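> Sequences listed follow chains V and Z, in order.
When the first sequence is numbered by the numbering used here, its final residue is 984 and no position is left out of the sequence of numbers.
When the second sequence is numbered by the numbering used here, its final residue is 77 and no position is left out of the sequence of numbers.
Check before you lean on any hint, since a few could be wrong.
The calculated lysine-lysine pairs, modelled on DSS-like cross-linking and capped at a C-alpha distance of 30 Å, are [what the hints assert, rightly or not]:
(1) Lys701(V) x Lys71(Z)
(2) Lys40(Z) x Lys495(V)
(3) Lys241(V) x Lys2(Z)
(4) Lys378(V) x Lys949(V)
(5) Lys720(V) x Lys2(Z)
(6) Lys676(V) x Lys560(V)
(7) Lys96(V) x Lys40(Z)
If you anchor each label on the Cβ, the simulated ranges turn out as follows [said to hold, decoys possible]:
(8) Asp129(V) x Arg57(Z): 44 to 50 Å
(9) Thr31(Z) x Glu736(V): 31 to 37 Å
(10) Thr7(Z) x Pro902(V): 35 to 41 Å
What the hints contain is simulated information worked out from the structure, not anything from laboratory work.
Being a predicted model, the structure only gives us computed values, none of them experimental.
Built from N, CA and C at the ideal position, the CB exists for glycine as well.
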Amino acid sequence: MAHIKVTRRSMRPEEWTQLRFGWLKRHIYQKKYEIKSLQIRDARQVAEMEYEYYSEDYRPLQRGDMYFTPDGTAFIRGDVAIPEELIGQELWFSLKTAAEIIVKVNGKYVGGVDPNRERILLTPYLAPDAKELHFEMQGYNRSKPDDERNPESLSVRGCRQIFEGAYLVTVNHVVQDLVYDLELLLNIAESDLFNEDYRAFLTRELDHALNLIDFEDESLPGLREAKQYIDTVIYANDDYKGSGDVALIAHSHLDIAYYWRRIHSVQKNLRTILIQLRLMDRYPEFKYTHTQAYTYETLEKYYPEVFEELKEKIKAGQFEPVGAMYVEPDCNIPAAESLIRQCLYGQQYFREKFGITVHNCWLPDVFGNSWVLPQILKKSGVDYFVSNKMSTWNDTNRFPHNNFIWRGIDGSEVYACVPPTHFITWNMPTQIQENWNAYQDKNTGGQTLSMFGYGDGGSGCTEEMIELMRRFDKLSIMPKTEHTSAQDFLEKNLKGNTALQKWDGELYLEMHRGTFTTKAELKRGNRRLEYKLREAEIISTLRALAGEAYPHETLTACWKKLLLNQFHDILPGSHITPVYRDAMADYAEIDQMLDDVIGTGEQYFNSLNFTRTALTFFDDPMGDSTRYGKKGFWCRPNLPALASGSVYPSSEVCDAWCFVNAFDVETPFYRITFSKDGSILSLYDKELLREWTDGAFNELKIYEDKPGVYDAWDILPNYKERTITPEVKVPLHFTEKNAEVAVFACTLQFGNSVWERLIRVFRQSRGIEVENVVDWHEKHRLAKAEFSCNVLTREAVCDLGAGFIKRETHRNTDWQKARFEVCHHKWCDLSETDGGVALLNDGKYGVGFLENTMSLSLLRSTIRPDPTSDMGTHRFCYMILPHAGDAVSAEVNKTALQYNIPLVKADVSCENTFDGLFLQAMKLSEDGRMVVVRLSEQDGRRGVLHLPKEVKLLNMLEDIEGESAEIPYTPFAILTLGIPIEQK
Amino acid sequence: MKDYVETVIRPKIQGDGGEVRFSALQDGELTLIFQGECSKCLILDRCVRWIEAEIGRDLGERVHIHAVRKKPFFWDN
Chain V
1 MAHIKVTRRS MRPEEWTQLR FGWLKRHIYQ KKYEIKSLQI RDARQVAEME YEYYSEDYRP
61 LQRGDMYFTP DGTAFIRGDV AIPEELIGQE LWFSLKTAAE IIVKVNGKYV GGVDPNRERI
121 LLTPYLAPDA KELHFEMQGY NRSKPDDERN PESLSVRGCR QIFEGAYLVT VNHVVQDLVY
181 DLELLLNIAE SDLFNEDYRA FLTRELDHAL NLIDFEDESL PGLREAKQYI DTVIYANDDY
241 KGSGDVALIA HSHLDIAYYW RRIHSVQKNL RTILIQLRLM DRYPEFKYTH TQAYTYETLE
301 KYYPEVFEEL KEKIKAGQFE PVGAMYVEPD CNIPAAESLI RQCLYGQQYF REKFGITVHN
361 CWLPDVFGNS WVLPQILKKS GVDYFVSNKM STWNDTNRFP HNNFIWRGID GSEVYACVPP
421 THFITWNMPT QIQENWNAYQ DKNTGGQTLS MFGYGDGGSG CTEEMIELMR RFDKLSIMPK
481 TEHTSAQDFL EKNLKGNTAL QKWDGELYLE MHRGTFTTKA ELKRGNRRLE YKLREAEIIS
541 TLRALAGEAY PHETLTACWK KLLLNQFHDI LPGSHITPVY RDAMADYAEI DQMLDDVIGT
601 GEQYFNSLNF TRTALTFFDD PMGDSTRYGK KGFWCRPNLP ALASGSVYPS SEVCDAWCFV
661 NAFDVETPFY RITFSKDGSI LSLYDKELLR EWTDGAFNEL KIYEDKPGVY DAWDILPNYK
721 ERTITPEVKV PLHFTEKNAE VAVFACTLQF GNSVWERLIR VFRQSRGIEV ENVVDWHEKH
781 RLAKAEFSCN VLTREAVCDL GAGFIKRETH RNTDWQKARF EVCHHKWCDL SETDGGVALL
841 NDGKYGVGFL ENTMSLSLLR STIRPDPTSD MGTHRFCYMI LPHAGDAVSA EVNKTALQYN
901 IPLVKADVSC ENTFDGLFLQ AMKLSEDGRM VVVRLSEQDG RRGVLHLPKE VKLLNMLEDI
961 EGESAEIPYT PFAILTLGIP IEQK
Chain Z
1 MKDYVETVIR PKIQGDGGEV RFSALQDGEL TLIFQGECSK CLILDRCVRW IEAEIGRDLG
61 ERVHIHAVRK KPFFWDN
């Protein structure tokens, strides 16, 4: 006989309980008075605090009306007399909305409403004799993609909303209390994370409790009895024991830009802070953590009255600034100096405004973390590092620790916490239990960290989260919980904990590998401006020492704007179209400001602290070469370290240095055989007497790149499965030659795109440069340049900006397999001990390695979040640099620095050249009393820096920590020195 | 009309993570292609009516919009 599955059609006890729970929730409001006098004015935000309005004036807003427009902000106002029946009672404002609305009543910010909260307590913020209420509201329509985290808000997503009415209400606290009890208990009863018998007990006893309420009577007799039953039967029961120890830390993650522009985050941040302040007013035990000095800055600038309240709550220990940085930056792409400035300007703000140094770095959402970070943190007053993604997002391996010690490239160590679960939770028992279950350091790490609070304008914690938290201790089945501050948690569990395990290496996120490449122009612009800022600061400092004014405010403004755009959904490219436009406009503004700072001079200034001899292109309208579409000339400058000098095109007559015979080319260094598509079939080194190619070399590869919903973020390991072969539209041909360079060009075509390759070989350089001019109109394509090298090695060496990392090129383990695409900075290299091939770039970060092959990621074409991402014209260069010895002995890093730092004219010089270390930055100290010199050891060597006079030894916050003229350094150390101005 | 859609309406739609492109205008029927978040919006019809009203207000033309959703493959289920 066939088995017949029986589906129960009658109501199960659990369903009956849920039904009555729904009925109960309808009685939360005791009295409800509709406000019918509201008016609305639709607008669109165009800049911080600036709006374009759709109409000259307000229009009436009634229940059932449409409100909000695409990308819309709405201003709502209204006056209402408090009804007689509500006078003297605890008064609330209620508005159910999909938008994010800030509410001001009688001139006071009283709170906010959004999909996660629909009412605001008014009484404490009104004058005792208030009879009239004047409402002023500002709403930004919440139409973001991640609301799935809170399923209740999913159904109300969209640009045009229906106004559901606004009300003055009173709350029946007995009902509300019971609703919170049921929220808590039903969450456990419905989850298989908890003991089965306990859940059966809950199901049975909740039914009994609700049986005490007469739901047919509108006044709900039996409410108190039901509450008492829950207290005495359910909460009093301790027969069922849970285990675990979970620290609950309130936090609201805020993407400064993502599916909204940074101009909108000013209000998102205000609402978030305001709502948390109002919760603190009501719940004295409530503590909340908030990151990003930038967000505090905007609050101070635009909402000073709320900022004053915030300062009081910080003093009281309820509001805790966390994360020492200016914003939560991407931690793969920015240069070490940028990460230092994130700390410098972040800590400077917290010190100035609140009198505190923040000792933790709080980056819950960033896409992996560079190995250079521990040193930077440690030298910026930060002992603790918190970041969630590796535990919850890795696609291949389970990151083995949650509470541990992270050891950086130079050996610096910080305490680290990678919480086991997501940074956005709503503090439900199941989420807390899930966190404990996933926690891997149960026996060594102390408590596990669970963050709770909605993010991104969802505005943090809710009354419900705190009310539930007040009940956790009553449940023996739950892990032990402690609501605490971030710093208390870190110090209690990590500080001095000798049992902690150690992770020595980068914190690579096994996901979001596409963010090293998506939105190529942002990456290139960021790289260029990082070095331009370096140049501007060094030149300005040297001019200041000669008596000129130091443009401190301008340079700080440029830094802050650049740091802002290094936010982890801006620089990585994971944002909507307008965010990209904002960033590019910011870059243009920084560029112009720095041009004004740098000015000009008679001679070229070498800002590098070593002699500059690498072949360099100089813009010159009269020049006989072209690069990046500009006329100029190639020249080996021979400029001493930190000195100015003249540069002239070579006057040597050198016609016979490059011989071309169809695709065969001979230079002083190589015999090259090209293919018609610009790839190199053979690259024979005449000096080193060896062949460098072993298969496809400098071949342009186009792959189908369909990672799925996280389109801008991810590249999947299967991207190589489908390739698109470009058609050679114009085969490689010789185009120009002068005394220094010979150029070959070809044009490839595929899909809707045209790709021109200009290949340059040089008389006086071992480098072979490839300039790419691309008219890019693809969807879901990844372009890479691939280099199969005749090199036997198991390690690739990758520049990290302040040192290098070695990465295995084989796929022996899952850890190596997962790292099929990694982030590097200016160069990467495959070498044997006596020779290898380096690949230098001027703004590319993604690269893959497999055995003897390097594949440099050039362009992507993603459609989410930005359907227009990367479309249009791109110009970029990379350089192939075969060399003797390994990457360090070949001084690849020095060549890459020269490749990335254009020479500018400025008539300055510096006596000290700090030999042996790289001059990463030179600036006036923030107090203007010292010249700050930042030096980084980039080759993995140790030594001693000998200086003519004693200098101050500083941390990265420019605090004086010592004094010496002989300064020992270790591999990859970053030193910060302070030279008092009078000493020069 | 094309210019209006691309320069006035489109930036607003993009501000919400959506995308709209002009396709055709014939006999008062304006065909628009919706991509990005718009392609899966449950209440796109409300937005479409709003665009019709904006066109009426700014250009003085009455159009009926034929909204074509172009969903990316990863939402195509």
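> Does each hint fit the structure? Answer for all of them.
Checked hints:
A threshold of 30 Å between alpha carbons decides the hint, and for Lys701(V) with Lys71(Z) the separation of about 27 Å falls inside it, so the pair holds. Among the hinted pairs, Lys40(Z) with Lys495(V) is inconsistent with the structure: their alpha-carbon atoms are about 48 Å apart, more than 30 Å. Between Lys241(V) and Lys2(Z) the alpha-carbon distance is near 67 Å, which puts this suggested pair outside the 30 Å criterion. Between the alpha carbons of Lys378(V) and Lys949(V) the distance comes to roughly 27 Å, so the proposed pair stays at or under 30 Å and holds.
Simply put, Lys720(V) and Lys2(Z) have alpha-carbon atoms about 39 Å apart, too far for the 30 Å limit, and the pair is violated. Taking the CA atoms of Lys676(V) and Lys560(V), the gap is about 46 Å. The hint is violated against a cut of 30 Å. Of the pairs offered as hints, the one joining Lys96(V) and Lys40(Z) holds, with about 24 Å between alpha carbons and a cut-off of 30 Å not exceeded. Checked against the hint of 44 to 50 Å, the C-beta distance between Asp129(V) and Arg57(Z) comes to roughly 45 Å, which is consistent with it.
A C-beta distance of roughly 49 Å is found between Thr31(Z) and Glu736(V), which places it outside the suggested range of 31 to 37 Å. Thr7(Z) and Pro902(V) have their C-beta atoms about 36 Å apart, which keeps the hinted 35 to 41 Å range intact.
Violated hints, in rising order: 2, 3, 5, 6 and 9; the structure is consistent with all others.
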